[in-house]
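Protein chains: 2
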Amino acid sequence: MPIAKPSHLPPLDPAAAAPFYRQIYDRFRDAIAGGVLKPGDRIPSARALTKELGLARGTIDAAYSLLAAEGYIQPRGQAGTIVTPDLKPRAPATAPVPKPENTAAAPSFRPDSVLPFQMGLPALDEFPRKIWARLGARCARAMQPPGMVHPAVYGLPELRTHIAAYLQVSRGIDCSPSQVFVTSGYRHTIALIAQALLRVGDRVWVENPGYPPTRELLRHMNIGAVPVSVDQDGMVVSEGIKRAPRARAAVVTPAHQSPLCVSLSLPRRLALLDWAARNKAWVIEDDYDGEYRYVSRPLPALKSLDREGRVLYCGTFSKVLLPSLRLAYLVVPQAQVERFEQISQIFTAGSPELTQAVVTAFFKEGHFARHIQRMRKLYAERRQATAAGLEKTLGKYVRIDTQPGGMHLILKLQGRRSDRQLVARMRQASLYAEALTEWTVDRAGTPALLLNFTNVDTQSTAETLGKRILQLM
Amino acid sequence: MPIAKPSHLPPLDPAAAAPFYRQIYDRFRDAIAGGVLKPGDRIPSARALTKELGLARGTIDAAYSLLAAEGYIQPRGQAGTIVTPDLKPRAPATAPVPKPENTAAAPSFRPDSVLPFQMGLPALDEFPRKIWARLGARCARAMQPPGMVHPAVYGLPELRTHIAAYLQVSRGIDCSPSQVFVTSGYRHTIALIAQALLRVGDRVWVENPGYPPTRELLRHMNIGAVPVSVDQDGMVVSEGIKRAPRARAAVVTPAHQSPLCVSLSLPRRLALLDWAARNKAWVIEDDYDGEYRYVSRPLPALKSLDREGRVLYCGTFSKVLLPSLRLAYLVVPQAQVERFEQISQIFTAGSPELTQAVVTAFFKEGHFARHIQRMRKLYAERRQATAAGLEKTLGKYVRIDTQPGGMHLILKLQGRRSDRQLVARMRQASLYAEALTEWTVDRAGTPALLLNFTNVDTQSTAETLGKRILQLM
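If you're matching them up, the sequences are chains L and Z in order.
FYI, the numbering for the first sequence is 1 to 473, going by my numbering.
FYI, the numbering for the second sequence is 1 to 473, going by my numbering.
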């Protein structure tokens with residue numbers, strides 16, 4: 001069988017936004033899809049390719065394991081690695097990397113590969129992987145019978161204790177571990193709240209513009225989402241009261257509104273809590289990135305003002321650690337603990353022991369607090385660098401809003417450009433963006449791009465990416 | 001500060017059913033709860049205790065980490081380990097080991113510690129922990145950016161492929177990886193099916209007696225559970241047709257009925273599929289332990305007979321691997337793939353990358369198939385030994401039903417004894433059992449104990465446990 005030389009493949013580009021492992025992956029995938037490499041062909045061993053390209057072995061391994069996981073190649077031990085012999089066009093469900101055409105047709109909020117500017121991701125290059133791997137290995141080795149059976153349904157007791165202590169110190173929330181429920185992510189948290197406190201036919205205020213999955217989730221649970229405008233002070237509470245005074249709940253992102261990044265002002269916070277107390281309604285605080293504020297200190301959570309026990313606080317490890325953990329949490333008012341215990345017992349069976357144990361160890365050894373400190377500093381720099389690089393290349397066509405916090409920039413498009421069309425073209429070019437008008441309901445939104453900056457390492461990278469966007473405008 | 005000598009504590013009992021780590025844990029906990037050890041007291045270092053008791057270091061470490069996780073003790077580095085200074089009576093939610101009184105009042109289906117005869121657990125002592133730890137450590141070290149972002153919503157592609165291949169070989173199910181959806185457990189699987197295919201007010205057949213959480217889950221989703229009797233051939237399909245001909249679905253456990261362990265006969269299987277096809281109803285096959293049959297070979301799944309695409313197949317790794325993984329799966333008919341993809345996108349965000357990666361590696365290296373083979377042999381022996389030991393000690397008062405498969409024995413109580421009262425007394429004595437009448441609705445059930453045998457290692461252990469039950473009768 002012939003061995004495909006790397007020289008068969010287009011050269012790597014050190015200036016490209018995609019990391020090398022991704023470029024190698026893309027080149028092999030395209031070569032296989034395009035017939036340059038045929039089923040059964042041998043490809044160079046990871047060791048040989050490492051040597052030939054002069055890259056780190058881990059880079060090649062990452063590309064190869066991605067290709068193998070997706071079925072493009074097969075390691076055959078001593079016989080080397082070959083292109084999968086019975087490779088067929090794959091059904092969409094098993095192909096984690098969507099074809100550009102598909103992506104363009106309906107840009108997903110959750111692409112299956114990592115793209116520049118991708119929303120909702122922390123800085124992957126600066127994650128303390130070595131520490132993580134050490135703790136992961138240690139927890140895997142330490143497994144004993146109590147950790148092999150069904151995990152505690154509300155979360156590992158020690159993890160709940162760490163979360164409660166962290167929220168006290170960092171977010172000003174006074175809660176006991178028994179008020180903390182570990183969940184598998186924001187969607188699970190919202191579903192749990194709905195199962196415990198809402199009924200079919202209830203109405204709930206949501207921010208407009210606001211995070212689209214919240215609306216979608218409520219709609220599928222037969223709960224009516226009432227869009228309420230957001231201005232420079234956050235959700236316009238008076239509009240909510242006017243549109244749906246008897247709503248059962250309001251979902252808000254007080255720290256940095258999702259997606260406009262404004263903070264809910266103190267008068268609005270008090271008005272919202274007052275409305276909730278008078279109507280026995282619930283305030284669902286989604287504090288997904290409250291830690292990431294770059295001007296002055298992070299604001300305390302809305303929950304810290306909750307005297308009447310109306311606020312349900314939703315936190316997540318997806319932004320401060322990694323989305324792949326599938327770990328989030330919910331803090332419920334003391335009077336609701338029993339209700340949430342009952343509902344958790346019926347609907348959930350706990351999160352995996354191993355991931356909870358690793359996060360617990362990460363807290364215990366002090367890495368959690370250090371990591372957040374480091375990321376806050378890093379993101380302040382990357383935000384600045386990304387804004388500067390995009391301003392330099394796209395400044396004539398966009399206005400870049402800067403807000404004191406968050407993980408993404410908002411680029412308002414000047415003139416009559418469609419943000420949706422531009423986003424579709426960007427996805428075709430393997431650049432991620434979301435269109436602000438997609439986050440808006442019931443009225444014409446401002447056309448703007450939402451671009452995550454946490455994985456843009458330098459101003460020069462931002463300029464390179466800005467130039468690519470410019471060509472698509 | 002005084003150091004508590006092990007001699008303060010009651011001696012360990014090598015003949016007891018509880019492993020040593022558990023006995024050490026119990027003794028310290030009781031000593032702390034009873035005031036023998038006081039807040040702030042130093043306890044022996046793990047190393048010192050290891051030496052003094054002549055046990056393996058891992059045993060002591062397991063006991064200490066359990067005590068630390070639950071807040072009883074605190075490691076203080078060089079200063080040694082102490083009883084938590086501000087130790088207070090704990091709220092039920094944070095105390096993973098319920099007090100005997102509580103347990104007796106309302107025996108939970110999910111105790112938070114491991115008890116003899118506990119239902120739903122695989123053999124914990126025979127799990128290949130070393131292999132598992134090696135794979136876990138390797139997967140933790142191998143983490144690369146594609147494994148750090150949101151996991152594929154329907155499950156890791158490679159894991160779905162392994163599951164599909166395994167089901168083909170072992171359960172006779174012909175499905176593509178795109179029909180396999182990885183979930184976080186049976187409850188999640190059922191909720192997903194309900195969200196995708198059922199509506200508020202629908203009626204669903206459930207087995208009577210049958211797994212209580214299924215009824216509870218349906219009730220909380222406003223779906224009516226219609227109990228249908230089970231006889232020696234499994235669910236009485238004709239009774240279901242008579243009671244609720246237009247039901248939208250039937251939940252069945254065809255391999256070994258839960259809890260009676262009978263198999264659904266071929267005529268009944270065909271009648272059920274025929275009813276479903278004619279009424280466009282769904283058959284939800286819960287195959288939680290189909291592998292564990294000790295007489296002849298495991299029966300093929302009901303799904304293998306599904307020509308009309310009416311069967312949803314629910315599998316889990318809780319019984320064949322470990323419940324702490326929180327990994328299960330659902331196989332949907334080809335025509336329903338798109339619907340389940342849509343619903344998964346809205347309600348779920350995938351299972352943790354790490355646990356999926358470890359299970360994938362376990363499959364890939366051939367451990368999965370070997371492990372099931374080993375356990376089938378082991379469980380056949382333990383079933384025999386447990387039945388013999390209990391027959392010898394309790395034979396005058398119970399009739400032990402033997403069925404060809406499953407993971408538990410059924411001890412029918414002779415005379416007019418109440419199974420619920422006996423179960424409550426057993427829980428007080430730290431012995432697990434479930435009462436058959438608790439699994440039965442709408443009519444007087446047969447009083448019987450359900451006892452899991454997979455963690456009973458020898459006939460002599462079974463006799464010791466049988467004698468303890470005898471004292472409680």
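Don't take each hint at face value.
All copies of an identical chain are treated as equivalent in the list; a pair is satisfied when it fits inside any one copy or across any two copies.
The list that follows gives simulated cross-link-like pairs (lysine to any residue, SDA-like), each with its CA atoms no further than 25 angstroms apart [what the hints assert, rightly or not]:
id	residue 1	residue 2
1	LYS467	ALA46
2	LYS130	ARG141
3	LYS280	MET221
4	LYS364	ASP61
5	LYS377	PRO145
6	LYS412	GLY201
7	LYS130	THR393
8	LYS130	GLN144
9	LYS364	PRO44
10	LYS280	GLU239
11	LYS377	ARG76
12	LYS377	MET119
13	LYS396	HIS220
14	LYS392	GLN342
15	LYS51	SER460
16	LYS392	VAL200
17	LYS242	LEU273
18	LYS392	ARG468
19	LYS392	GLY80
What the hints contain is simulated information worked out from the structure, not anything from laboratory work.
Please work out whether the CA atoms of LYS467 and ALA46 approach to 25 angstroms or closer within one copy, between two copies, in both situations, or in neither?
neither (34 angstroms within a copy, 61 angstroms between copies)
Check LYS392 against ARG468 for me: Cα-Cα at most 25 angstroms, and say if that holds within a copy, between copies, both or neither.
within (13 angstroms within a copy, 80 angstroms between copies)
How would you label the pair LYS364, PRO44 (within, between, both, or neither) given a Cα cut-off of 25 angstroms?
between (43 angstroms within a copy, 22 angstroms between copies)
Classify it for me, LYS130 with ARG141: is the Cα-Cα distance of at most 25 angstroms met within a copy, between copies, both or neither?
both (17 angstroms within a copy, 7 angstroms between copies)
Within a copy, between copies, both or neither: where do LYS377 and MET119 come within 25 angstroms Cα-Cα?
For LYS377 and MET119, only the intra-copy Cα distance (19 angstroms) is at most 25 angstroms; the inter-copy one is 50 angstroms.
State whether the alpha carbon distance between LYS392 and VAL200 is at most 25 angstroms within one copy, between copies, both, or neither.
neither (50 angstroms within a copy, 55 angstroms between copies)
Checking LYS51 and SER460: alpha-carbon separation at most 25 angstroms within a copy, between copies, both or neither?
neither (28 angstroms within a copy, 61 angstroms between copies)
Classify it for me, LYS392 with GLN342: is the Cα-Cα distance of at most 25 angstroms met within a copy, between copies, both or neither?
neither (55 angstroms within a copy, 40 angstroms between copies)
Could you figure out if LYS392 and GLY80 sit no more than 25 angstroms apart (CA to CA) within one copy, between two copies, both or neither?
neither (48 angstroms within a copy, 59 angstroms between copies)
Intra/inter-copy verdict for LYS377 and PRO145 if alpha-carbon distance must be at most 25 angstroms
Classified as between; 21 angstroms across copies, 41 angstroms inside a copy.
At most 25 angstroms between C-alpha atoms: does LYS412 with GLY201 qualify within a copy, between copies, both, or neither?
neither (36 angstroms within a copy, 47 angstroms between copies)
Within a copy, between copies, both or neither: which one fits LYS364 and ASP61 at a CA-CA cutoff of 25 angstroms?
Between copies, since 17 angstroms is at most 25 angstroms while 32 angstroms is not.
Checked against the numbered hints given earlier, this structure breaks hints 1, 6, 7, 11, 13, 14, 15, 16, 19; the rest are met.
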